[in-house]
Amino acid sequence: MRRRRVLQAITAFPAFRAPAQYLSPGQAAEETPKLRETAPDGVAQPKTRFLRPDQLAAFRNLAEILVPKGPDRPSAVEAGAVEFLDFLLSQSSPERQALFKNGLDVLNNQSQKRFGKPFAQLTSAEAKPLLEPLTRPWTYHPPQDPQERFLREAKEDLLLATANSKPFADAMSKRSRAAAGLGAYWLPFD
Amino acid sequence: MKTYDVLIIGSGAAGGMAAWVLARGGADCLLLEAGPLFDYEKQRVMKAVYELPYRGFNRPGRFPHITQASEFDANLWADEKQNPYSYPPGDPFYWVRIRAVGGKTLRWGRASWRLSDYEFKGKDHDGYGENWPISLADLAPYYDRVEPMFRVSGRNEGLPQLPDGKLIVDESRDSLSVQRFIAACKKRNIPTTKPRRATGTLASSYNLLLPEALESGNLTITPNAVVREITLDPKTGLANGAAFVDRRSKREYQVSAKIVVLAASTLESTRILLNSKSPRFPTGLANSSGVLGHFLVDQFYVKNTVVAVVPEARGGRGGRTLMGGGGYVPRFRNLDRKEKDYIRGWAWDFGSGFTPPAKYLPLYGEELQKQLADLAGTGFALTTMGEALARKENHVRIHPTLKDEWGIPCLHITQKYGDNEFRMAQDAMETAVELCREAGFEILAQHAQMVPPGESIHELGTCRMGHNPKTSVLNAWNQAHDVKNLFVVDGSCFVSAGVQNPTLTILALSMRASEYILDQKKKGLL
Numbered sequence: 001m002r003r004r005r006v007l008q009a010i011t012a013f014p015a016f017r018a019p020a021q022y023l024s025p026g027q028a029a030e031e032t033p034k035l036r037e038t039a040p041d042g043v044a045q046p047k048t049r050f051l052r053p054d055q056l057a058a059f060r061n062l063a064e065i066l067v068p069k070g071p072d073r074p075s076a077v078e079a080g081a082v083e084f085l086d087f088l089l090s091q092s093s094p095e096r097q098a099l100f101k102n103g104l105d106v107l108n109n110q111s112q113k114r115f116g117k118p119f120a121q122l123t124s125a126e127a128k129p130l131l132e133p134l135t136r137p138w139t140y141h142p143p144q145d146p147q148e149r150f151l152r153e154a155k156e157d158l159l160l161a162t163a164n165s166k167p168f169a170d171a172m173s174k175r176s177r178a179a180a181g182l183g184a185y186w187l188p189f190d
Numbered sequence: 001m002k003t004y005d006v007l008i009i010g011s012g013a014a015g016g017m018a019a020w021v022l023a024r025g026g027a028d029c030l031l032l033e034a035g036p037l038f039d040y041e042k043q044r045v046m047k048a049v050y051e052l053p054y055r056g057f058n059r060p061g062r063f064p065h066i067t068q069a070s071e072f073d074a075n076l077w078a079d080e081k082q083n084p085y086s087y088p089p090g091d092p093f094y095w096v097r098i099r100a101v102g103g104k105t106l107r108w109g110r111a112s113w114r115l116s117d118y119e120f121k122g123k124d125h126d127g128y129g130e131n132w133p134i135s136l137a138d139l140a141p142y143y144d145r146v147e148p149m150f151r152v153s154g155r156n157e158g159l160p161q162l163p164d165g166k167l168i169v170d171e172s173r174d175s176l177s178v179q180r181f182i183a184a185c186k187k188r189n190i191p192t193t194k195p196r197r198a199t200g201t202l203a204s205s206y207n208l209l210l211p212e213a214l215e216s217g218n219l220t221i222t223p224n225a226v227v228r229e230i231t232l233d234p235k236t237g238l239a240n241g242a243a244f245v246d247r248r249s250k251r252e253y254q255v256s257a258k259i260v261v262l263a264a265s266t267l268e269s270t271r272i273l274l275n276s277k278s279p280r281f282p283t284g285l286a287n288s289s290g291v292l293g294h295f296l297v298d299q300f301y302v303k304n305t306v307v308a309v310v311p312e313a314r315g316g317r318g319g320r321t322l323m324g325g326g327g328y329v330p331r332f333r334n335l336d337r338k339e340k341d342y343i344r345g346w347a348w349d350f351g352s353g354f355t356p357p358a359k360y361l362p363l364y365g366e367e368l369q370k371q372l373a374d375l376a377g378t379g380f381a382l383t384t385m386g387e388a389l390a391r392k393e394n395h396v397r398i399h400p401t402l403k404d405e406w407g408i409p410c411l412h413i414t415q416k417y418g419d420n421e422f423r424m425a426q427d428a429m430e431t432a433v434e435l436c437r438e439a440g441f442e443i444l445a446q447h448a449q450m451v452p453p454g455e456s457i458h459e460l461g462t463c464r465m466g467h468n469p470k471t472s473v474l475n476a477w478n479q480a481h482d483v484k485n486l487f488v489v490d491g492s493c494f495v496s497a498g499v500q501n502p503t504l505t506i507l508a509l510s511m512r513a514s515e516y517i518l519d520q521k522k523k524g525l526l
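Chains U and D are the protein sequences, given in the same order.
Under the numbering used here, think of the first position of the first sequence as 1, with each following residue one higher.
Under the numbering used here, think of the first position of the second sequence as 1, with each following residue one higher.
Calculated from the structure, these hints are not laboratory results.
Keep in mind that the hints are not guaranteed to be accurate.
As the list claims (entries may be wrong) - Quick list of in silico lysine-lysine cross-link-like pairs, BS3-like style, CA-CA up to 25 Å: (1) U:K69 with D:K370; (2) D:K42 with U:K34; (3) U:K174 with D:K370; (4) U:K174 with D:K47; (5) U:K101 with D:K522; (6) D:K359 with U:K128.
To be verified - Computed footprint of chain D on chain U, listed as stretches where at least three residues anywhere in the stretch have a Cβ under 8 Å from a Cβ of chain D: (7) 45-54; (8) 59-69; (9) 78-91; (10) 111-125; (11) 128-138.
As the list claims (entries may be wrong) - A few chain D residues that don't get close to chain U, going by computed Cβ distances all over 12 Å: (12) S70; (13) K81; (14) G90; (15) D91; (16) D144; (17) E157; (18) A184; (19) I221; (20) Y253; (21) G290; (22) D336; (23) G365; (24) K403; (25) K521.
C-beta atoms are modelled at their ideal positions from N, C-alpha and C, and glycine is treated no differently.
My request is simple: use the sequences and hints to build the entire structure.
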C-alpha cells in the first residue's frame with residue numbers, strides 16, 4: 001500500500017510518466033501529451049567567453065588538480081565545470097569576476113617565476129606549493145589574503161559544479177534518485 | 001459593493017488561522033493575499049539539477065538576502081527588485097518573504113515549540129523589557145488545539161521553560177551518537193528532547209486551514225491583491241476597509257469591511273499600518289503611542305556552531321545504530337538564577353549522520369575525496385538559536401522615497417545585535433565544544449558568528465501587545481488600542497522573541513484573537 005502511494009506520488013510528476021503509447025489519430029486529437037525535452041548541455045558544447053585563453057587554461061588545470069577523476073565519478077573537467085563557471089562568472093558581480101581573474105593571473109605569475117612555464121603545464125606535484133593556502137584551517141570569515149580566498153571559492157565552486165553536472169548524475173544514478181540531483185522545480189508564475 | 005463582516009489581509013499561519021476560525025464561525029470573510037494562488041499539480045515538475053539554467057547555483061545576484069532559496073524553488077520567493085527595502089550601510093537585514101497563498105507556511109521548518117512564562121513574563125523574571133499582557137495559562141488552551149491540527153510530533157519532558165504539548169509522541173530510539181551527546185548533557189544537568197515538528201506532506205495554511213474555511217461558504221480568497229493601506233472612517237474613527245492594487249494589472253481597488261484583521265506577516269503588517277496615514281493618525285494607523293515600528297526582535301542564529309565527527313563511524317562503519325537522528329536542547333541558562341554575563345538564553349538544534357562539507361577540510365584533489373569517503377555519514381553538528389533582546393532602537397520606518405513595483409512606500413529596517421547576543425553566542429559555542437569533546441567527538445570546525453538579523457526568518461515585534469496604550473499598539477486580544485475594529489494577529493504582536501520558533505505561537509494567538517472577535521460580534525460589541 002505504502003509502495004503504491006510512493007509510486008503514485010512519483011508518477012504524478014510529468015517527468016516520471018510512462019512513455020506515451022502510440023495513439024490513434026482520434027485519441028491523439030483529444031490528448032495533450034508531455035513531450036520529452038533535453039537541456040542544451042546535453043546536445044551542444046558551451047562556448048566560453050569570459051576568461052582569457054591563458055586564464056581558462058590555468059583554470060582547467062586547477063580544476064583537474066582540485067577535482068580529479070575518481071573510480072566512480074568524473075573529474076571537474078569531464079563534468080564541464082570549467083566552461084560552466086566561465087559562464088557563471090560572466091554574470092557575477094565585478095568583485096567576484098576580479099577575484100577569479102586576478103587569482104588565475106597570480107597562479108600563472110607564480111608558476112612562471114618558480115617553474116618558467118604557465119600554471120596550465122604544471123603537474124599536481126609542481127602545483128602543490130602554489131596551492132598551499134588550501135591546506136590552511138577553515139575560518140568562518142573569508143580569508144584576508146585574496147589568493148587564499150580565490151582558491152577556497154574555486155574549490156567550492158568546482159566541487160558543486162561537478163556534483164551538479166549530467167556526467168556526475170549519470171555516474172551516481174545507480175545509487176539513488178537523490179544522488180542524481182533530482183528535485184521539484186517551481187515553474188515561474190505570471 | 002458589499003461590505004464584508006471581516007477583511008483578512010494575508011494567508012499564512014496568522015491569516016489562514018483567522019480565516020479558519022472566523023469563516024467557520026459564521027463571519028462573511030474576504031481574504032486578500034498579495035501573491036498568486038499556486039496550483040501544486042501544475043506549478044511543479046521534477047527536474048534534474050543539471051537541467052536548470054544555472055546548474056543549481058541560481059542566477060547570480062537574484063537573491064542577495066535569501067540564503068534559503070535554491071534554484072529549484074527560486075520562483076517561490078519574493079523578488080527583491082519588485083519588493084525592495086533598505087537598511088543602514090554596513091548593517092544588513094535579510095528579509096525573507098514568500099508572497100503566495102499559504103505564505104511562509106509553504107516553506108517553514110515546522111519546529112513547533114510553546115513559549116513559556118520565562119518569555120511571557122520575562123520582565124518579572126529578570127527585570128528587562130516588558131511583560132506580555134498574557135501568560136502561558138491564557139494561551140495554553142489554544143496551543144492544545146493547534147498542535148493536533150498540525151500533527152505536531154515530539155516528546156513532553158515536563159520542563160517549565162519548554163511547556164508540554166498535545167503531541168504525537170515520538171518514541172523513536174536515539175542513535176548511539178545522539179545517546180552519547182545526551183549523556184554528556186545529562187552530566188551537566190542540561191536538558192534535551194526530541195525535535196518537535198509539524199508532520200504531514202504539507203503542514204501549511206494552504207492545506208490545513210484554508211480548505212475548511214472555504215468549505216464553510218463564508219470565505220472569499222482574492223489573490224494578487226497588494227494592500228496599499230487600511231482606510232479609516234473619519235466620522236467613527238473605525239477601520240472601514242482597505243485600498244489594494246492588483247499585482248498583475250496594477251488596477252486600484254477599494255474594499256469595505258466592518259472588521260479588519262491584519263495578518264500580512266510581521267514587517268508587512270507594520271508597513272501597511274505605517275502607510276495608512278490620516279489626520280487622526282498622521283504617523284500611521286493606531287500609532288498614538290509612537291511605538292509602531294519599534295522593538296523589532298528575532299532569534300539570532302549561529303549556524304553549525306560546532307561541526308564534529310564521530311570517530312567510530314569513519315570508513316563507513318556508522319550505520320543507523322550509531323549515526324542519524326537529532327534533537328533539541330532547550331534554553332537552560334538563567335532560569336533559576338543569574339548565570340554568566342548575559343540575560344535570557346539560547347537553544348540548540350543538533351543532528352547526526354551527515355557528511356561534513358568539503359569546505360571544512362583543508363585538503364583538495366584525491367586526498368580530499370578519500371577523506372570525504374572516510375567521513376561519509378560521520379557528522380554531528382549543532383546550530384544555536386538565541387533570544388535577541390527587544391530594544392526601541394531596533395525599528396522599521398517608511399523610506400522617504402523608495403517604492404515597490406506598485407508604487408507603495410517601502411521599509412527601511414534597522415536591527416543590530418548587541419553585547420548580550422554576542423556573549424550568548426560565545427557561551428553557546430564554548431559549551432558546545434566541551435559537550436562534543438565529552439561525548440568523544442572530534443571537532444572539525446567551531447565558530448560564534450551570528451547570521452545577519454532577519455536570516456532566521458523569525459522577525460517579530462514592531463506592533464507589540466501590552467496593557468498600556470502609551471507603550472504598546474495592541475491589547476491582550478491583539479486588538480488595536482486606538483481602533484477597536486482593527487486586529488493584528490501575526491508575529492508583529494510579539495513583545496519578546498524567546499528562543500522558540502514562533503509559528504506555533506502565531507497560530508495560537510490568531511486563533512485566540514479570532515474567537516474573541518466572534519464573541520464580541522455576538523455580544524454586539526464589534
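Any of the earlier hints contradicted here, and which numbers? 5, 7, 10, 12, 23
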